[in-house]
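Protein chains: 2
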Amino acid sequence: MTVKITTLDNGLRIITDDIPGILSASLGLWVDVGARYESPEVNGISHFLEHMAFKGTTSRSAKQIAEEIENVGGHLNAYTSKENTAYHARVLENDVPLALEIIADIIQNSTFEPVEVEREREVILQEIGQAHDTPDDIIFDYFQETAFPNHPLGRPILGSPDNVRRIQQGDLKKYMTQEYSAARMIFAATGAVKHEQIVDLCQKHFAKLSNHETKNYEKSSYQGGHFFQNRQLEQVHLLLGYESCPYGHPDFFPLSVFSSLLGGGMSSRLFQEVREKRGLVYSVYSFNTSFRDAGVFGIYAGTGEKQVDELLPTVKNVLETFPNTLEDKELDRSKAQLKAGILMSLESTSSRCEQLAQQMLIYKRHISPQEIIEKVNTVTRENVIDVAQRLISKSPTFVSIGPGKERRWS
Amino acid sequence: MTVKITTLDNGLRIITDDIPGILSASLGLWVDVGARYESPEVNGISHFLEHMAFKGTTSRSAKQIAEEIENVGGHLNAYTSKENTAYHARVLENDVPLALEIIADIIQNSTFEPVEVEREREVILQEIGQAHDTPDDIIFDYFQETAFPNHPLGRPILGSPDNVRRIQQGDLKKYMTQEYSAARMIFAATGAVKHEQIVDLCQKHFAKLSNHETKNYEKSSYQGGHFFQNRQLEQVHLLLGYESCPYGHPDFFPLSVFSSLLGGGMSSRLFQEVREKRGLVYSVYSFNTSFRDAGVFGIYAGTGEKQVDELLPTVKNVLETFPNTLEDKELDRSKAQLKAGILMSLESTSSRCEQLAQQMLIYKRHISPQEIIEKVNTVTRENVIDVAQRLISKSPTFVSIGPGKERRWS
Numbered sequence: 093m094t095v096k097i098t099t100l101d102n103g104l105r106i107i108t109d110d111i112p113g114i115l116s117a118s119l120g121l122w123v124d125v126g127a128r129y130e131s132p133e134v135n136g137i138s139h140f141l142e143h144m145a146f147k148g149t150t151s152r153s154a155k156q157i158a159e160e161i162e163n164v165g166g167h168l169n170a171y172t173s174k175e176n177t178a179y180h181a182r183v184l185e186n187d188v189p190l191a192l193e194i195i196a197d198i199i200q201n202s203t204f205e206p207v208e209v210e211r212e213r214e215v216i217l218q219e220i221g222q223a224h225d226t227p228d229d230i231i232f233d234y235f236q237e238t239a240f241p242n243h244p245l246g247r248p249i250l251g252s253p254d255n256v257r258r259i260q261q262g263d264l265k266k267y268m269t270q271e272y273s274a275a276r277m278i279f280a281a282t283g284a285v286k287h288e289q290i291v292d293l294c295q296k297h298f299a300k301l302s303n304h305e306t307k308n309y310e311k312s313s314y315q316g317g318h319f320f321q322n323r324q325l326e327q328v329h330l331l332l333g334y335e336s337c338p339y340g341h342p343d344f345f346p347l348s349v350f351s352s353l354l355g356g357g358m359s360s361r362l363f364q365e366v367r368e369k370r371g372l373v374y375s376v377y378s379f380n381t382s383f384r385d386a387g388v389f390g391i392y393a394g395t396g397e398k399q400v401d402e403l404l405p406t407v408k409n410v411l412e413t414f415p416n417t418l419e420d421k422e423l424d425r426s427k428a429q430l431k432a433g434i435l436m437s438l439e440s441t442s443s444r445c446e447q448l449a450q451q452m453l454i455y456k457r458h459i460s461p462q463e464i465i466e467k468v469n470t471v472t473r474e475n476v477i478d479v480a481q482r483l484i485s486k487s488p489t490f491v492s493i494g495p496g497k498e499r500r501w502s
Numbered sequence: 093m094t095v096k097i098t099t100l101d102n103g104l105r106i107i108t109d110d111i112p113g114i115l116s117a118s119l120g121l122w123v124d125v126g127a128r129y130e131s132p133e134v135n136g137i138s139h140f141l142e143h144m145a146f147k148g149t150t151s152r153s154a155k156q157i158a159e160e161i162e163n164v165g166g167h168l169n170a171y172t173s174k175e176n177t178a179y180h181a182r183v184l185e186n187d188v189p190l191a192l193e194i195i196a197d198i199i200q201n202s203t204f205e206p207v208e209v210e211r212e213r214e215v216i217l218q219e220i221g222q223a224h225d226t227p228d229d230i231i232f233d234y235f236q237e238t239a240f241p242n243h244p245l246g247r248p249i250l251g252s253p254d255n256v257r258r259i260q261q262g263d264l265k266k267y268m269t270q271e272y273s274a275a276r277m278i279f280a281a282t283g284a285v286k287h288e289q290i291v292d293l294c295q296k297h298f299a300k301l302s303n304h305e306t307k308n309y310e311k312s313s314y315q316g317g318h319f320f321q322n323r324q325l326e327q328v329h330l331l332l333g334y335e336s337c338p339y340g341h342p343d344f345f346p347l348s349v350f351s352s353l354l355g356g357g358m359s360s361r362l363f364q365e366v367r368e369k370r371g372l373v374y375s376v377y378s379f380n381t382s383f384r385d386a387g388v389f390g391i392y393a394g395t396g397e398k399q400v401d402e403l404l405p406t407v408k409n410v411l412e413t414f415p416n417t418l419e420d421k422e423l424d425r426s427k428a429q430l431k432a433g434i435l436m437s438l439e440s441t442s443s444r445c446e447q448l449a450q451q452m453l454i455y456k457r458h459i460s461p462q463e464i465i466e467k468v469n470t471v472t473r474e475n476v477i478d479v480a481q482r483l484i485s486k487s488p489t490f491v492s493i494g495p496g497k498e499r500r501w502s
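So the sequence lines, in the order shown, correspond to chains A and B.
Whatever position you read off the first sequence (first residue = 1), add 92 for my numbering.
Whatever position you read off the second sequence (first residue = 1), add 92 for my numbering.
Careful, some of the hints might be misleading.
Same chains, same names: a pair is fine if it fits in one copy or spans any two.
[Claimed, not checked] DSSO-like mimics (lysine-lysine), calculated; alpha carbons at most 27 angstroms apart, straight line:
1) 155 x 369
2) 421 x 155
3) 311 x 486
4) 398 x 497
5) 265 x 311
6) 408 x 155
7) 408 x 286
8) 311 x 96
9) 266 x 431
10) 266 x 369
11) 307 x 286
12) 369 x 265
13) 155 x 431
Don't read these hints as lab results, they were simulated from the structure.
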């Protein structure tokens, strides 16, 4: 076992996995802050903050941040999701101390200079435009909004253009001071790293981080419903979903198996029926996305305007006939796919790093690949049928973008 | 050195890299066949053929192909580019023989049943629709068409909808018989593989492949020009490019360094000037794409309708001022980025597999990471300035999609 965990006095948790024979390291800070912690007035601020972390600190300009990491051939990047913000780097072995120090600098000493806030506002407005122009991307925003109306989980990570135009230096400073508490952070590092070195460096660069109480998140409230946007496109993009379960819920692994066998690969029921037998789509897949206290299970398909009326009853039939036709070999195959996926993901330092950080944020401990495989193995035929039946008996969320008239899921 | 090469009697070349400590293997067949080998009447057939390889052989149905590989948690996939078609898999160590045998089956024994051709035709038409709906994807097709009008390099990999509607079983069989010759194929395998085992398995499953003369490709003829498509979008998507160089040309590495420092990362000139200083874009980057006897260098940007008129002179100024303002530290940084990228790519079995296959197809030999690093090291300041000046002195290709009126590059 090469995974090691240390907690600093201020509550910052450090998790590492030293993988032998690897020349590079992935490392980063994961923060338990994202769109779901935002009030409607500041929706988009977690993401705005993430952008501003690259725009200058008390000792480095934006350009210096970019140059210092790229001088050594490293990459520095960040993302914001509904529940997390991550600042992560990939560098060669010797450059781990530099990358760690830069990450520590940008999340503790950013100045949010007003002139930089103004420029970055424009960049984010362009990012919103780009997402809007990509129908199979923006449909996920419409889906969340329809599933969780008037709730932070339903609001876009990028925020509305109006909010982005309004956020100022003071808002960013206030939000960061309130939300960025050491106890809500994980520092993870994998690949060519030594645990003791990472701990020493974190002690040096993160020890001053404050650890204070932060307000709790607003409990989720799934509702579901319909949404349609008419656009002059070649395809109708469709997303059907249902309320599923949070992380750690007993339904989580049965749902993962169900998603894999319904729409997880070429042998899955949806791929076989919708694409292989009927040629109705190029892309069709299912997914389960879990949050702290909620989850959504969904099916995406992109089809032609003429094909929609065949696609919808076909998907409906696949969902309804599933419980009475499930074969053991399908169950075994889905489990094999999940288990191989777990083992293969260990071979990428960046996905391993992400995985360790997420486990610490969600479960507050490391979960070994063997433990996950064991959980997949114990899923029974009855578990999967039960979870699938309960899922589709609930209120659906049905979202579409494209030409023609609105279709509804009934 | 763990890379080994063996050539079978029929000319099939096998290259492997056994990487210790890895549980999975990436393996596949790369074929020197793609859109550039197609006549206008059958443009799209290489890609259609790649799709049909999954639709049934003399001994397996489409469903069996999918099930057999996914029963063991493996993935089987394929892609077609301008010059290559690849069929590749990722599996756990023990499933290498199965994956290899399935790849051998689908590329030698596919039946192209008319009923399956009809279904797959619909899938490909949906794929064309999906690409069309993604402006920052389809813009690359428009770009190639404008750069190489009336030439195979200018025609879309997916083909036109009309061609896709016309291709029949007979066309597919004829094209495959003509083009799929053993001497145009590389079998590559990396990760948890043993060279001798791969050679034995290839001997068993690929020895019957015919090795025949195939016609040569039509020589390239870059022209350049302008193209604009008015669409109701949030952003104007722009792609500016110039003729660059083929693989193996002395300009290749200087161009790679130039692309990296012009638009390769956060510290690059375009990112700093266009995004960081002016907030005109979310995405801006440059690239060099080389073919056997041609190449294109390009710059992509997505901006707002109001921002286009500031963006274009800004990009022009970055290109024109570059030769007189190049700093040694920029040059060093770009080289460091390229070299670290080479080392980091060795850590992914799938990118390593792709790399080995491409080297064998293009250079007919393995090129070690050390040799590539040495080539990057020898690039001088003068090389980069010279290549950049020659590049932008030539006829441009300028393509845009979005709202408003056409802008031209002059």
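Against the structure, the hints come out as follows:
no. : hint      : result
1   : 155 x 369 : between (54 angstroms within a copy, 10 angstroms between copies)
2   : 421 x 155 : between (56 angstroms within a copy, 13 angstroms between copies)
3   : 311 x 486 : within (19 angstroms within a copy, 60 angstroms between copies)
4   : 398 x 497 : within (11 angstroms within a copy, 32 angstroms between copies)
5   : 265 x 311 : within (25 angstroms within a copy, 59 angstroms between copies)
6   : 408 x 155 : between (53 angstroms within a copy, 21 angstroms between copies)
7   : 408 x 286 : neither (52 angstroms within a copy, 47 angstroms between copies)
8   : 311 x 96  : neither (33 angstroms within a copy, 58 angstroms between copies)
9   : 266 x 431 : neither (44 angstroms within a copy, 41 angstroms between copies)
10  : 266 x 369 : between (56 angstroms within a copy, 25 angstroms between copies)
11  : 307 x 286 : neither (35 angstroms within a copy, 56 angstroms between copies)
12  : 369 x 265 : between (55 angstroms within a copy, 22 angstroms between copies)
13  : 155 x 431 : between (43 angstroms within a copy, 21 angstroms between copies)
In summary, the numbered hints that this structure violates are 7, 8, 9 and 11.
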